[in-house]
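**Q** Based on the sequences and whatever the hints tell you, model everything.
According to this note's numbering, the stretch in the sequence shown is residues 4 to 1200, in order.
Hints in this document: simulated from the structure, not taken from any laboratory. Heads up, some of the hints might be wrong.
Said to hold, decoys possible - Only pairs whose alpha carbons sit at most 20 Å apart, straight line, appear in this in silico PhoX-like list of lysine-lysine:
(1) 854 / 1000
(2) 13 / 99
(3) 909 / 712
(4) 391 / 712
(5) 391 / 624
(6) 32 / 64
(7) 1017 / 1000
(8) 163 / 267
(9) 1066 / 1017
(10) 901 / 703
(11) 1000 / 909
(12) 123 / 13
(13) 703 / 909
(14) 901 / 1000
(15) 624 / 537
Keep in mind the model is a prediction, meaning the values are calculated, not measured.
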Amino acid sequence: MRTIISSMGKAESVSVRRTESWDAPQICKLITPATAEVFGRVNVIYLLEKANLAVTLNTAKNQILAHAAFLDHPIGNLVDQASWEEFLWAHFDGTKFTTLNTLFLHLFVAQPGFSDGSAKEIIRAVFSAVTELEYICLLTPYSSGIEPALMGIFEPMPCKTEGVQCAAFVCHRHNYCPRLHVRRARVEDHDDLTILLAEQTKALSSSYGPYFLAELIEAQDEGNHVVVCENEGSAVGFMSVSADINLELLNQCFELGPFNGLVKENPEGQTMDTGKTQRDKSTKDNENDPQNHQIKSECEEKPADGAEEESENKGEVTGASSETCENGAGPEERPESSERSEPPQCPNAFCIQLFAIDKSFEMRSADFLPYVFKLFPERDFCVISVPKLAPEFALLQTFLRTVPHPSSTLPQELYIFHRSGLLRTLRVRVAVTDDAAAVQKLVQKLSLHDALMEDLDTFFKARRDQDGTPVQAFVAEVEGQIVGTLIIRNEQDVEYIRAHYNIENFVYFSHYQREEHARLCHFALNPIFQHFSKHFLKEALRLAHISCLYYRVYPPHHSRENAYAHSVMPVLNCMVPVHPRRQVIYSLDELDINAPSTLITTQQVPYALNHINRKLTMEPKVSINARIVVVGASDTGLAFLEALVFCPHLRFNNLTLISTHGLPGPSRDNTAFLTTTHCYSERDLALLSLRSWVSVVTGKMMAIDRNSKHVQVSEGRIVPYDHLILTTGQQYQIPCPTGIDITKWSSEDKVPDHPRRSRYTRHIPSNLFTLNDQHDCTQAAQWLRDNFINQEGNAVIYGDSIDVFSCVETLLCLGVRGSRVHVVHTPADSPRSCFHNAAVDQAVRSALESKDVHVHHCCLLAQLNDGQHPEPITAVSFTTEGPPLRLECAVFFNFSHKGVDFDAFKAINDACLVFDGCLVIDSTFHTNDCTIRAAGPLTKFSRRYYADRWSHADFNSKEVGQELASLLLPLFDPTLEPTVNPPPEQDVLIPTYTQPKIQGGRMPGGYSYLHVTKPSVRTSTAPTAAKAQGREVVTGRVETGNYFQLQFNPHGLVETITCLSGKPLLVSNLMCLYGKHQLLLNRLYERLEEDMIHDLYSYFSERWCVAIFHDRFADFEQEVRQIMDSTTVQLEQDSMSIPQLAEMIVDGTWEIPTDPALYLQQIFDQSEGPDALKRSVLDYLKYNRYHLPMYAQLGVL
4 MRTIISSMGK
14 AESVSVRRTE
24 SWDAPQICKL
34 ITPATAEVFG
44 RVNVIYLLEK
54 ANLAVTLNTA
64 KNQILAHAAF
74 LDHPIGNLVD
84 QASWEEFLWA
94 HFDGTKFTTL
104 NTLFLHLFVA
114 QPGFSDGSAK
124 EIIRAVFSAV
134 TELEYICLLT
144 PYSSGIEPAL
154 MGIFEPMPCK
164 TEGVQCAAFV
174 CHRHNYCPRL
184 HVRRARVEDH
194 DDLTILLAEQ
204 TKALSSSYGP
214 YFLAELIEAQ
224 DEGNHVVVCE
234 NEGSAVGFMS
244 VSADINLELL
254 NQCFELGPFN
264 GLVKENPEGQ
274 TMDTGKTQRD
284 KSTKDNENDP
294 QNHQIKSECE
304 EKPADGAEEE
314 SENKGEVTGA
324 SSETCENGAG
334 PEERPESSER
344 SEPPQCPNAF
354 CIQLFAIDKS
364 FEMRSADFLP
374 YVFKLFPERD
384 FCVISVPKLA
394 PEFALLQTFL
404 RTVPHPSSTL
414 PQELYIFHRS
424 GLLRTLRVRV
434 AVTDDAAAVQ
444 KLVQKLSLHD
454 ALMEDLDTFF
464 KARRDQDGTP
474 VQAFVAEVEG
484 QIVGTLIIRN
494 EQDVEYIRAH
504 YNIENFVYFS
514 HYQREEHARL
524 CHFALNPIFQ
534 HFSKHFLKEA
544 LRLAHISCLY
554 YRVYPPHHSR
564 ENAYAHSVMP
574 VLNCMVPVHP
584 RRQVIYSLDE
594 LDINAPSTLI
604 TTQQVPYALN
614 HINRKLTMEP
624 KVSINARIVV
634 VGASDTGLAF
644 LEALVFCPHL
654 RFNNLTLIST
664 HGLPGPSRDN
674 TAFLTTTHCY
684 SERDLALLSL
694 RSWVSVVTGK
704 MMAIDRNSKH
714 VQVSEGRIVP
724 YDHLILTTGQ
734 QYQIPCPTGI
744 DITKWSSEDK
754 VPDHPRRSRY
764 TRHIPSNLFT
774 LNDQHDCTQA
784 AQWLRDNFIN
794 QEGNAVIYGD
804 SIDVFSCVET
814 LLCLGVRGSR
824 VHVVHTPADS
834 PRSCFHNAAV
844 DQAVRSALES
854 KDVHVHHCCL
864 LAQLNDGQHP
874 EPITAVSFTT
884 EGPPLRLECA
894 VFFNFSHKGV
904 DFDAFKAIND
914 ACLVFDGCLV
924 IDSTFHTNDC
934 TIRAAGPLTK
944 FSRRYYADRW
954 SHADFNSKEV
964 GQELASLLLP
974 LFDPTLEPTV
984 NPPPEQDVLI
994 PTYTQPKIQG
1004 GRMPGGYSYL
1014 HVTKPSVRTS
1024 TAPTAAKAQG
1034 REVVTGRVET
1044 GNYFQLQFNP
1054 HGLVETITCL
1064 SGKPLLVSNL
1074 MCLYGKHQLL
1084 LNRLYERLEE
1094 DMIHDLYSYF
1104 SERWCVAIFH
1114 DRFADFEQEV
1124 RQIMDSTTVQ
1134 LEQDSMSIPQ
1144 LAEMIVDGTW
1154 EIPTDPALYL
1164 QQIFDQSEGP
1174 DALKRSVLDY
1184 LKYNRYHLPM
1194 YAQLGVL
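**A** Shown next, in the form of structure tokens:
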């Protein structure tokens, strides 16, 4: 924090931060008539929505001391925002102002007395934050003068022409945040540098000796230099650069194809072996002829990064987060091999060996670059490698991160900067017909260049798509050469986007016109200018007069006609991913004309949405290079990755998922052998597009090396990690026969005890299926079609889980006769049914009987093929409580028991992680290795918690994964307070979770089944005491296919939902009933007592309950609770809140003559609470009226 002194001598400690929308009320209070004289009438919320940069000065008490808003064009209607450069050039001495180096002040307000100090502090902060910024201009058509605080900062701009109806002022960088002076280091700088390098000195001294810094300065030669930047005569920054660089290692570990491997042809025949270089031109010549000669050759050789660059599946790695497209790297872009001898090559890069700068000057780190490039005039690239766990510093924001090879285990990140990136002449303009040839050359190696050129041709010819949608095209130009192109079209699905995505987390829709929304169709930019990507997008927004830009990522199986690209990291890194919204399933026939617009309800192909708007164009992201490896694509693992990916201000560059079959894919034939938890459907995964951000390694975890910190995957692949997350869950295991010969078994023999879960090690028959995911189900379905359905033989389904019944229904749907299906149940561990509901259990078993499905109880697998070789299985034998059972078998489905995969167990056990039936963790997900965390059914809590009956398997897996992410994020997110793990003596409680456990699927008889219940420990007893004290509501019957059960707890909250219906269930809606009070359900108890409800399905299809199914209803409930908690009532001489009064009544400290509930109701009715509640309800309905048009709006009737 810094200190500001007011004109009255009052001191205030202040900090500078970006302005948030909730600051608007305080900012409005600071606006005075003098403010309006300079800036005109200001709508603060509207200005904050459109400002490229808004800055607030905060006091230590979190009060706003001052505020300023900056845009990329002048105030008001003085000049069209796309033409202000020409305006300044024509009427003022404005040739030095460019879109890259200039911003315009649109508002400045401050508390009285603090204007002078606040204005200087804000201006200093803005220049420091925006490294390219040189000028801040103020053009006002409202006044010829400005307030004294600004007059001390801005100087008038002389006008060259007469009749200009505005006053112009400019503020120069060099007055408040000058570029640092960079020079060669001298021995005299040693003391200053020692202080600067205090944190690193100990480590460096141990490696290089106590006098390494002095020796480094004295040892400077033609290939090694040490430079410093100074402020007021003192060295505040230090950089050591060297021409000695191991290009062979870098090319082995990183994808450097787009940069020609950091080498270039050497006309003098010098080979790469020489670490030194010879200068053909002096530094002076280089100064007189800046990098103009370099950019042309480099741009001609390098392909552009593009939005249409696809991520192809290559070997084991698919969907690499920043690997596939970040540098436009692909097989077609690498230097082609040639049989003839290649010309001699020499290094084309130098490296930064050491770098440090005072934190006060950190944002000026890029000031070093022009000077160090002059030291190596013959080399075009500067590279720097940093440890993956090192926080990103300001210098790296100018560099381009290179893509590591999938096989690389180097614990370093490599960043590259090209000397042409020093040019500040990048200009964005509307494309013209003459640009076609240059654009074609720029994008010719991109996979979808044809589509780009077609759209560009459409723009040149008609400026519109075939459907009449306006199209705009822009090019980025440096020194007269085109280095990038961008094509957008007006967004026609604005209503759909608002209704289906949480876009309102980033914009206030009421302040945007429909034509201000556009869709990014194509984006291509030369890699050496990638650090200008955001500026390119910002300029496109300005020139196109739009404010919001969207980019869609379609699933990979979708046709290219509707998807321009798979994954585009250059542009995605500039955007924020927008989370999809859970949708209400409407009964359109019931709602009729009161249904939402078809623009909202019409189903579209699912896509992931990414977004940028004007206020995000200057908001940097924090890059996280830590290698976070997740093992297992379970619901827990996917939820963890989702939570990290959708942090808008963070960019995780090294997220890796190790999974046997990769990310869950679409079901090609909709064969659902398994039930579902409804955590992630196929559509949900398409809406998230995790593959755009996560590298996927297909294979099984075989070993964990805790010393080297890597995971060994099947086929020998090594995946290094900094944080390892184990979420493999539990899978159905291949059953191990007891080996009992049933020919020697009689009914008098004792039934063997349940065998220990032995591992099956023999040959796995081709017709034995143990299904654990959709990939297994798809393979099983294809095998059935090829080898079973149209032939004879029995299907044996072995197990006692609910998946047994789902599998039977799938077989019946595939056309298998029920008489060919044998369900063989294992001895149950618990007498309770897997359905937890006797009526549902009876209905399913009746359906099996009606389909002639054979059911056998309490059977243990004894032999396959009577003990002979099991390939293929033709017969299976079981021991039972009665006579043994032998069945002819053509296909065997196993759902007998779940356990930890043996390979996962072996890897965990060999790594000496504590395993006690499951992987042991503490309350913060840690194993006995602080870098390895685990979650989900794989785990159990440590015995010190005395909670052996509880595990993550008893909770909602998605909630568990989100909680794990929330505990890991403080390690990386600078906006979060670091979490402090409690000491062991205080760590005695396990975490609690509130989301329900969900299970559903298709059951025999064509039933749709759904069971939603509160997390609880499974017991072998009947209903618990809490359930007995609650209330059960049942409508319909299983025989008629409309069974609906609600279980309420003693407080009237829904704890269990059980549905069995002959029709498809509206699952998304029904899940919302969990945790709702019966009063919220339209006074359900009263209606039941009045015999007004006969069918809960119909009851919850009525229009009154649509608001409860809305995804923002939970936020509304929270707002209502806050109103209730904050409402105060006056009692005698005291004022207290409703919760305080209720607590006093319960404690007996406040005596009342009537029923407590009635008394509280009367007291609340007399307060301001009811009016606040009414306003809240009306605001909720008004704000969400596009989803809830069936409710009457105030003033509409």
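**Q** Please go over all the hints and tell whether each is borne out by the structure.
**A** Hint check:
1. 854 / 1000: 31 Å, violated
2. 13 / 99: Cα-Cα ~39 Å, so violated.
3. 909 / 712: 17 Å, holds
4. 391 / 712: 13 Å, holds
5. 391 / 624: Between residue 391 and residue 624 the Cα gap is close to 17 Å, so the pair holds against 20 Å.
6. 32 / 64: 17 Å, holds
7. 1017 / 1000: The given pair, whose Cα atoms are some 6 Å apart, holds under the 20 Å limit.
8. 163 / 267: 49 Å, violated
9. 1066 / 1017: Distance of about 25 Å is beyond 20 Å: violated.
10. 901 / 703: Answer holds: residue 901 to residue 703 is near 18 Å, not above 20 Å.
11. 1000 / 909: At roughly 30 Å apart (the allowed maximum being 20 Å), residue 909 and residue 1000 break the hint.
12. 123 / 13: 17 Å, holds
13. 703 / 909: At roughly 12 Å apart (the allowed maximum being 20 Å), residue 909 and residue 703 satisfy the hint.
14. 901 / 1000: Holds. Residue 901 to residue 1000 sits at ~18 Å (cutoff 20 Å).
15. 624 / 537: Holds: residue 624 and residue 537 sit about 11 Å apart, inside 20 Å.
Consistency with the previously given hints fails for numbers 1, 2, 8, 9 and 11, ordered from lowest to highest.
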